[in-house]
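If you want the building blocks of each chain, they are given just below.
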Amino acid sequence: MNTGMLRIALKMLFGNRGKYFGMIAGVFFASLVMTQQLAIFTGLMSRTFGFMTDTGLPDIWVMDRNVQFIDDVKPLRDTTLYRVRGVEGVAWAVPLYKGMIKARLSNGGFQSCNVIGLDDATLVGGPPIMLEGKLADLRRSDSVIVDDVGAAGKLAHPPEYPGGPRKPLQVGDTIELNDKRAIVVGIARVSRTFQSQPVIYTTYSRATTFAPRERKLLSFVLVKAAADTPIPVLTERISKQLNLAAYTNDEFSWLTVKYFLKYTGIPINFGIAVTLGFIVGTAIAGQTFYSFTIDNLRYLGTLKAMGATNQLLLGMILVQASVVGLVGYGLGVGVASLTQLLSTTSELAFRFPWQIMAASGTAVVVICLVSATIALIKVMRLEPAIVFRG
Amino acid sequence: MGQGAAIICRQLVKSYRNDNEVTPALQGINLEVQRGELMMLVGPSGCGKTTLISVIAGILDHDSGDCIVLDQDLKSLSDRQRTNFRGIHLGFVFQSFNLIPTLTARENVAVPLMIQGMAFHEAVARADEVLATVGLQGREHSLPTHLSGGQQQRVAIARALVHKPSIIVCDEPTSALDKATGHQVMELLRTATHNSGRTLVIVTHDARIFEFADRIATMNDGKLEGIEKGRAAGV
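In order, the protein sequences belong to chains A and B. Residue numbers for the first sequence follow our numbering, beginning at 1364 and rising by one. Residue numbers for the second sequence follow our numbering, beginning at 3 and rising by one.
I should point out that these hints are in silico values taken from the structure, not numbers from a laboratory. Using N, Cα and C, we set each Cβ at its ideal position, and we do this for glycine too. Some hints here could point you the wrong way.
[What the hints assert, rightly or not] Here chain B is said to cover these stretches of chain A; the calculated rule only asks that three of the stretch's residues, wherever they fall, bring their Cβ under 8 Å from a Cβ of chain B:
hint: 1; stretch: 1364-1371
hint: 2; stretch: 1608-1617
[What the hints assert, rightly or not] No more than 27 Å apart at the CA atoms, straight line, and that leaves these computed lysine-lysine pairs for DSSO-like:
hint: 3; chain 1: B; residue 1: Lys166; chain 2: A; residue 2: Lys1374
hint: 4; chain 1: A; residue 1: Lys1543; chain 2: A; residue 2: Lys1530
hint: 5; chain 1: A; residue 1: Lys1741; chain 2: B; residue 2: Lys77
All chains should be built: construct the whole structure from the sequences, respecting the hints.
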């Protein structure tokens, strides 16, 4: 198609503003809904392994074989740590406690907290960002570090007067964990997790004193592979020798995601929303594009009578569908990106990797192809003699 | 008139099939239109006039007989060849103008040139020249909706002339116009014919324009009832 006919195709498209904006709206709606729902789904799913994201230093997580996801802790004997350290190829191995413990608040209420007990000597697995205090402050007696969202939210002090603001938990404040005193020595920022409980970091030995009495308290063993030992080899070795599960960070993240995909209705709910977005978008864009073609049938017939080949008319329709697709997709993804930008400080789980853009882009291409095909069939069958009908 | 026939129809037959029903539209038409001639086709509605010009223009297949246009047997051409043939050798003027409403007058006129591959700027420059010859200088950038019926038909005529076709096929070119405007349009068409040796085939019901015809062919029930010389031929 030469530039002249390209201009004609575009002017025919832009000139019919009602139909043009209708088609754009269809594609925009479809790409926005699909992109946004997929991004929220991805955001929610990535929250399920938020703790693993923060604990990036170890190569391998060792746990009971029956663990299905990160919060499904099946405690191990303390001796497991030494057995892991004894496996060839392990550079170092440290214990990690993870469990739910009730904190007593200053107003007398209780709040379940996600308590993380770090290796006393190395503090491996600590929070990624310290907002106040230092990680090393955990070596002080009774010390804990609290995440900023929990400190300002569920663990915050009650208002001083009815209707007044709640005062966030601060460094130096004291809370009770399972009737034992804990002093806040730091405020940290951690990745949001699927559960919304406050996160409290302390040392492993102190965590075991906070925890209810149990024979076994070791949740995970975090392992670093020796430089000359490939990580897959070491995970297999630990798994075989100790009859335990050993996963890399990515493997454990996927195990967790798969659990939520399998045992919760989340994928179905989001899948329905995404499918609906696709169907409604296709219906709106397809119907409007079809109606746009019907409106133009007389003129397409005139072009055909004047010597325009089917290929030329198909090219014009594909150009029109591509422009509608590009503009609608751009707007949809643009609004989704804006949502991501505005949601960085909010509770909204929103993660927008390039794969989502590619997926919604593919869906938009399908929508445009379906719309264009409906129109193309009409044009291919078009009798140029239509131009002589009044 | 020029030398030889521009259009030759011999025993032309065309029927429309709808489910099991066959409706004859052309029943053995024999017609010759000379180069440079202005031929009018008249007759009652449904008599086959539009079908005949559709076949002559190569936009409808005939069932049997011969239709030779500019020495080319249309039946022997493939779909694509026929489309190209139309684009090069034929111009069209329609009853309802068929101007693309979102294009300006010059763009509408330039379309046949761009279909043939001419670049946009070259095509609109040529369109401007032709618009001037039909008296529409200064209205090049007007949209069809901003033009009167007569002006729109003049744009349509400019579009039919712009690529210098040998044959122009017109379907009721004046029926949507008042008498004076209809006469102006016919003057334009006649000038275009006589000055360049083009052949014009006009389907019409409009007796007010019969005076412009060289010959008038009367059709009825898919048959040619007779051909008589028009007033333009000195009768």
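Enumerated hints in conflict with the structure, sorted upward: Number 2 - this is the single hint that the structure violates.
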